[in-house]
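S.K.: Sequence:
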Amino acid sequence: MNCFPYMTTYCVILWLLFKVIIPWLSSVTSDSYRKLDKHQKMIWSENVVSTIHAIVVSLLATWILLYDEAVIKEPVLGDSWSIRQLASIACAFMLVDIVIMYSVGDRSSLFYIHHLSVALTSLYCMREGRFCPWFTSIKTLSEASTPFVHANWFLKASKISEDSVAAKLLTYAVFTMCRILLIPIFWFNTYIHWEKGWSIKIVWVLILSSSVVLDLLNIRWWWQMTVKFLYYARCIIQNVAYDDKRHRLPSTIYNKSEKAEKQMTFMR
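Read in UniProt numbering, the sequence shown has 203 at position 203, and its numbers run on one by one without any break.
Some clues are possibly wrong.
Unchecked claim - Quick list of the computed label-pair ranges, beta carbon to beta carbon:
id : residue 1 : residue 2 : range
1  : I55       : S32       : 41 to 49 angstroms
2  : E195      : L36       : 36 to 44 angstroms
3  : H39       : I113      : 20 to 28 angstroms
4  : W63       : S109      : 44 to 52 angstroms
5  : K19       : I192      : 22 to 30 angstroms
6  : E195      : L66       : 39 to 47 angstroms
7  : I202      : S30       : 42 to 50 angstroms
8  : L25       : L216      : 35 to 43 angstroms
9  : E69       : F229      : 35 to 43 angstroms
10 : S103      : T9        : 40 to 48 angstroms
11 : L66       : L216      : 34 to 42 angstroms
Keep in mind the hints are simulated off the structure, nothing from the lab. Small disclaimer: the values here were computed from a predicted structure and weren't measured. In this text, a Cβ means the ideal position worked out from N, Cα and C, and glycines have one as well.
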């Protein structure tokens, strides 16, 4: 089955969501959206697109891991309609999100590197018809934390909750489960299937390489969240004022984009 028509269709859908559908729906249904400036409205639409993508691929990856017989029998060499759809959606989102990030501006080069590595890996897998489906699905589960991360931004932008401790703790817990605890599971199974993976050498190398990039980014973000959480907890225990300026993300790593900063430093 040729994946490229599906990928092209998903690209068009995601772009229409960002440029037309989400701005229109938000302007009709949300007073908070109408009060934002132009740049903030673009970030709003970007976060909605990212949230929709995260929900779709997380549910699809979960179904693949639990019920797709081809993947269960052959974690490395298996192939099915569902895993091809997962690769098509992921590739389409990464390509569209690169354009969106450029439109919004103020993005760190690390985001572009990650998106390009995933997009190129997906494109090559689709061309070769090899996806290492179990490993692809496990990595995709990291997206399950994205809606929780974006929810903090929406709460702040909508002025519903300036400092929701419960929301931040929930986001931290989900981020830890989906992006950190799955790392050793992924690499342990990589070790188990190492020899079989080399039967599709280039695909195997590309998937593992892009996984290294994602794991390093996730570990860095998680560590910064943890530092903020511990500092916040200490302030509560010692009954001292919480200094928002401490433990900010280094400006050399993330630029001044509100999404890039607030998405990864929600523990404020």
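S.K.: For which of the previously enumerated hints does the structure constitute a violation, in increasing order of number?
M.R.: 1, 2, 4, 5, 6, 10 and 11
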